[in-house]
Structure formats: structure tokens, C-alpha cells
Amino acid sequence: MISGLFSGSQPRFYYGWVIVGLCFCNLAVAFGIWYSFSVFFLALMRDFGWGRATASSIFSVFIICSALTGPVAGRLLDRFGPRLVMPMGAALLSLALFLVSFTQSLWFFRLTYGVLAGAGVSLMGFTTNSAILSRWFERRRGTAVGIAIAGVGMGMTIFTPLAERWIAAFGWRGAYLCLAGLVAGLIIPLNLFLARPNPESMGLEMEGGAQSGGNKRKHPRWEMKVLNHEWADRPWTLAHAVKTRPFWMLMGAYCFSSMCYQSALIHAASAMVDAGYSLHLAAMYLGMVGILSSGGKVLFGFLSDRLGRELATFLTVCICTLGFLALMFITPQCTILALGFMVLFGIGYGGSTPIYPAASADLFMGGSFGLIFAVIFLGTGLGGSVGTYVTGLLRDVTGNYLLSFCLCIAALWTSCLLLWKSGPGKVRRMVRTQVNSPL
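With our numbering applied, the sequence shown covers 65 to 503.
Incorrect hints may appear among the rest.
Unchecked claim - What follows is a set of in silico ranges between Cβ atoms, one per label pair, in the way DEER data are often shown:
id, residue 1, residue 2, range
1, Arg309, Gly430, 42 to 52 Å
2, Gly340, Gly235, 20 to 30 Å
3, Asp111, Ser342, 16 to 26 Å
4, Glu264, Leu467, 29 to 39 Å
5, Phe144, Glu269, 19 to 29 Å
6, Thr207, Val136, 23 to 33 Å
7, Leu375, Thr207, 15 to 25 Å
8, His344, Arg298, 49 to 59 Å
9, Ile400, Glu264, 49 to 59 Å
10, Ser432, Asp111, 26 to 36 Å
11, Trp81, Asp460, 40 to 50 Å
12, Thr308, Arg110, 30 to 40 Å
13, Gly359, Leu132, 23 to 33 Å
Since the hints were derived computationally from the structure, they do not count as laboratory data.
Ideal Cβ positions, reconstructed from N, Cα and C, are used throughout, including at glycine.
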């Protein structure tokens, strides 16, 4: 029925924008649950008597399993399509959260939340939704992906304070049961009803592709210009990509950036509580970080097209560094530092998110890009798992987060250097051109 409403050579509304909204919802729920662990973190330490390193190890397993499942999720998406893969991921995540609510031991928590939830989030997460959108959009691909990825920040905004309230009302076990029901009740039916594999399945053409009929007029627009044809024209496969330095530099950039950002997002609430803030207020500040990160994604997605990936990354790192400095010296008496962390870290962290996949596409665009990107993305699992654990361990040893956050800043600048050295701007960059389009 839906296909009939949108079929035809020139539909008044392009169904791809429904797919954008659907991907926004998928990412909001998946990453809302991802980042809500920061408020469950303190409750788990209190109930089980765990140290920060032990509690962080659960999230480390989660990140590793999420990253390792990425290539498998991409292959399943190619073979079975989003109407099966997305509900399957949501069902797995819902089951994991349900089982977590009954856990009594660390090993079972690592199995349910770490392994099962990590795999579920991967199936309905960043790499799969990005691959879906690439099939629907060409000319406005960056805009479509930027809007969808903003769901990550919105999920953080909604789920972090929501989880804190549910924990206060029902305990952490009851909160996980609520999350399990929300995932099953929202994501599964939405994807079964709305998801479509590509525009051709509905008799449509890809947005930005050749359109039939209509008069033409010239107007300026930004288009990607190839600067290194020898590199860009290669038939990139994973086997070829892994033999190049830029591939490993990008993976390293992902690794060090994840080491920084995941550590901050998981331990920020704990750091604010250490400084004298209530958990409720800390959760509210982290929720606002999510809103601001959504704006950062859209802003720096646009700026990276205009200024280049390297310069845009440098700007986000500068902004994030200032945010970290505010967090390191935060006190309840100095609200300006809390606001500074919220604004600067939110915009800087959010701004970095669309740059890394865009830089990867600049270097390795081709028929195997989905698999290449999924393997590059494994760097996030390594960096995030190590970073969150070491941050918690150093807090247990030193009694504060000062050394941990200094190492996060160092990792952030290392990531910037590696992305710069990978040289995406030497292969492709955006230029302004005159093109024909229908009136």
C-alpha cells in the first residue's frame, strides 16, 4: 500500500525522507541506550560493590562486541535487507536488556549486556543505517546522513535523564525492563512497516539520479572534485585497502577518538558526582550534551564539505579540548564550568561524528566501501573498550579523573594527527559548479 502512494516517475514526496526519519529513530534508541550506561554505572557500583574499573569492563565488552559485529551486520543487510535486520537487532537488544534485569553476577552481566546488547546495537546502529541511506540518496547524501545521525544526540538527550528517573522510581533492574519494552514496542514495528531496501523496490529512482521530463535550468551547487585520479579510480576492495597507510591511519584515528569520547561520555556523570553534583543534575547536563551534539553533527558535516575534513577535525578537537578542561576543574559553585563542558564538549564531540565516515568515503569510495568502512570502524571498539576501562582504573588508583582526562586529551590530538596524515583532502574535495536541474 505504501509503495503505491509513492510510486511513479515524479512523486510529490520522496520516500527516502521517511527512511531518514526511520534511521533517526533507530539511532536515537540504539545510542540512547548506549550512552544511558553512564547513569546505570553508579547504581551498579553501589549495588554490587564494584570499582569503576570492574563496572567499566562491562561497557568495554559491549563496545568490542558492537564493533566486531559490524562487518557481519553489513553482510546481513546486503543479503536480507533492513526489514529483517533492523527488527532482528531490536529483538536481540530487547532480549539482552530483559535478561540484564535478572543478573546476579559480573560474568552474566558481561554476557547479556556486553555481548548480546552489543550485537543488537550493531545490527540497528551506525554502519547499517549509514549503508541504508547511501542507497536512497546521492546529491543530498551528506544532508540525509547528517539528519539521521543527529538521532544519536537526541537519543542521548532523551534516554540519559529518562534512565535516571526510571532508576530512581523502579531501581536499575526495573529501568532495564522499561528499556527492553520500549525497544521491542517501538523499533520492531516501525521497521517492519516502514523500512524498504532501496528506491527501486518502490518503483522510484535514487535521489539525485537522472530524472525524466521537465525543463532544465542552471544553478550553482557544491560537488565533489577528484584531485588524485590514480587513487580514486582504483577498484577498492578490502584486500587492497588494508595494504595502504591511509587505511590504518583512519582506523587509528577512529581508535584514539573513541578512546577519548567513550571515556568521557561514560565517566562524565561519575566525575560530576565526584565534584559534588547530584546524579539527577549530572544526567540533565549529559542530556543537554546530546542536544548540542546533534547541532554539532549538522554544523560540522556542512563545514567539513566546505573547509575540508582535516581543518574541520582540527576545529572540533580544539573545541573538545576546552570542554575537557572545563570538566576537569568543575565544581558545583562554578556553574560556568558545567555549562562550558556541556556546550563545548557537546558541539565538539558531535561535530567529529560525520567527519570520520566522510573522510573514509573520500579515500575508499567504491563498491566495497561498506565492508571497508565496517572494518575501519573496528577501531572504535578497540579504542572505546580500552579507554573506558583504563579511565575507570586510573580513577580507582588515583582517586580522581585528572590523569584520565589528560590522557583523553592526548588521545584526541593523536586522532586529529592521524586523520590529517591519512590525506582525504588530497584525493577529493568539494568545489562549487554550475549544473543543470529541472525547474
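Which of the stated hints cannot be reconciled with the structure, identified by number in ascending sequence? Result: hints 1, 4, 10, 12 break, sorted rising.
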